[in-house]
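**Student:** Could you put together the complete structure from these sequences and hints?
The chain contents come next:
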Amino acid sequence: MNKLKYRSWKNKFGVFIICFFSLLTAIPLFAIIIKVFVKGIRQINFDFFTKTTPDTFDAMLAVNNGEVIPGGVANGIVGTLLMVLMAAVVAVPPGILCGIYLSENKKGRFSSIVRFVSDILQGTPSIVIGIVVYAFIVVPMKGYSAVAGAISLAIMMLPLIVRSTEESLNMLPSSLKEAGLALGASYSSVVFKVLLPSAFGGIFTGILLAVSRVIGETAPLMLTALGSSMVQWNVLRPSSSISLLIWECYNDPNMQSMIWSASLFLLFVVLLLNFIAKRISLKWRM
Amino acid sequence: MKDKVVKILTFIAAVIILIICGGMVYSLVTGAVPAFEKFGVDFIFKKDWQYTPDNEQYGALPFIVGTLITAFLAVIISFPFSMAVSLFVGEYFKDTKVAAFLGTATELLAGIPSIVYGLWGFYVLRPIMVGMGLSEQGFGIMTSSVVLAIMIIPYAASLSSEFIRMVPNDIKEGAYSLGATKYEVVFHVILPAAASGISSSYILSLGRALGETMAVTMLIGNTNTLPTSLTDTANTMASIIANQFGEAAGLKLSALIAIGLLLFLITALINFIAKMIIKKYAI
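Protein chains in written order, with the numbering used here: chain A, 1 to 286; chain B, 1 to 283.
Careful: at least some of the hints might be erroneous.
Unchecked claim - Pairs of lysine to aspartate or glutamate residues, derived as EDC-like cross-links and limited to a Cα-Cα distance of at most 16 Å, are as follows: (1) A:39 / A:67; (2) A:10 / B:3; (3) A:3 / B:184; (4) A:12 / B:184; (5) A:177 / B:37; (6) B:182 / B:170; (7) B:4 / A:104; (8) B:279 / A:67.
These aren't lab readings, by the way, just hints derived from the structure by calculation. Keep in mind the model is a prediction, meaning the values are calculated, not measured.
**Tutor:** Here it is as structure tokens:
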């Protein structure tokens with residue numbers, strides 16, 4: 001009887017420990033969001049989205065007078081927007097096509113090599129990708145540029161898109177494809193008119209998550225896009241990004257509150273993308 | 001005709017991935033050649049990092065050690081938390097609202113950019129470390145590992161919970177019918193059955209921790225010497241590249257690229273091992 005009591009006690013204790021540690025895990029998320037929100041909200045105003053980062057002196061004056069720092073992160077917003085857009089344009093088509101290849105040739109030896117290489121690519125640290133793009137793009141072009149930054153982001157996005165495309169295509173019932181072929185549709189029209197539209201939700205979710213993964217990337221951009229203090233629409237020139245601005249402001253003691261507002265904005269965008277992705281995947285689930 | 005074009009296009013896209021990876025290895029190797037020519041394989045085991053103009057000495061050992069210590073420590077710290085979350089979501093409270101909430105919360109944790117983690121670590125965690133008397137400035141391996149641990153919880157937790165879910169119901173029911181408590185089922189049936197999958201998820205999260213750059217760069221203290229204790233300042237392979245790549249040229253640039261190559265090889269190896277375990281022991 002004593003033994004039974006001990007076992008039931010152990011059982012309860014197990015549940016308690018699991019709950020305890022699980023709930024502890026949720027704390028950092030809220031701690032980070034609240035900290036960034038409280039510290040950053042003061043600085044969010046209209047100028048934040050339309051003006052470029054001020055120089056240290058102006059920021060210091062404002063801080064000494066207890067005012068908000070003049071200026072904003074328009075240069076970073078433009079840079080991030082340009083680079084992520086270019087990266088998506090470069091990475092999405094080959095990513096989806098490669099995903100189709102992998103899901104159409106599930107067993108082949110070549111497929112398993114490609115799958116393996118794409119996994120390796122996905123696990124590659126972003127800073128290493130930065131070095132590679134530096135050697136291949138920045139050095140031959142004799143300068144840092146938004147294009148180089150976009151390519152490094154595209155390389156990071158590619159394996160994510162390949163995998164999500166492959167997985168969402170694999171989830172489709174094979175009867176769907178067979179029905180299309182049985183109706184006499186050609187292979188290409190089955191792929192583009194039946195399979196891709198049916199898997200659209202999953203593929204689109206994958207793209208959104210890939211974008212949210214690279215939008216806050218800093219390390220590869222330090223080696224490829226460098227940063228810029230003005231709004232730069234020319235993609236062949238060095239460009240800033242929100243994450244690069246956070247890094248620059250972090251190294252500048254006068255710009256402290258700017259870091260938090262830029263982080264708040266970045267965090268908001270990333271969480272929003274995640275939220276939309278989740279919504280879409282719930283809606284499209286079959 | 002059109003079908004052929006589609007087949008060729010998808011094939012080309014698959015080849016592109018191979019070309020990118022091949023190009024990466026090629027550019028890292030060619031960039032690293034001068035450093036390895038100068039120092040030989042010794043580069044990996046040397047501990048000096050000096051850039052006096054006449055006598056440049058570069059060795060990767062302090063950074064390799066720093067990287068391995070921070071990453072392993074992070075996995076160890078994250079273990080109880082990610083394990084608890086994966087059991088919470090995958091078994092104890094499977095398919096409940098609370099589990100869905102916790103699952104989403106950990107997923108969002110994975111979405112927070114590295115640099116925001118770095119800021120949070122710098123302004124929130126570092127003072128706590130100082131307050132606990134762990135180190136004077138609060139920078140160092142310990143601080144970076146704690147932040148890294150938070151960052152990798154989502155990877156290990158979501159993957160492990162998948163493997164825990166995959167354990168077939170009949171063996172669980174078998175144990176219950178023999179009178180086992182939930183605790184006994186979890187620790188004597190489910191975890192052993194899912195052990196290989198779970199261990200691979202921790203290896204993958206180790207790979208993540210090895211390559212993390214920004215948060216570590218902001219917290220580790222950036223000293224180029226061999227760390228002697230867990231609260232020591234240090235540098236990881238990723239953080240030395242992030243710190244010094246901008247002003248590097250010549251031999252130093254090559255040494256940094258060589259470190260990048262080593263980092264790539266280590267993470268590739270780690271990912272390879274994890275994939276092999278999943279492939280071999282998948283339930």
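**Student:** Take the hints in turn and mark each one as holding or not.
**Tutor:** Against the structure, the hints come out as follows:
1. A:39 / A:67: holds, 14 Å
2. A:10 / B:3: Status violated; Cα separation ~62 Å.
3. A:3 / B:184: Roughly 14 Å between the alpha carbons, so the hint for residue 3 of chain A and residue 184 of chain B holds.
4. A:12 / B:184: Holds - the C-alpha atoms of residue 184 of chain B and residue 12 of chain A are around 11 Å apart, at most 16 Å.
5. A:177 / B:37: violated, 56 Å
6. B:182 / B:170: The given pair, whose Cα atoms are some 14 Å apart, holds under the 16 Å limit.
7. B:4 / A:104: Given pair residue 4 of chain B, residue 104 of chain A holds - Cα atoms ~14 Å apart, limit 16 Å.
8. B:279 / A:67: violated, 59 Å
In summary, the numbered hints that this structure violates are 2, 5 and 8.
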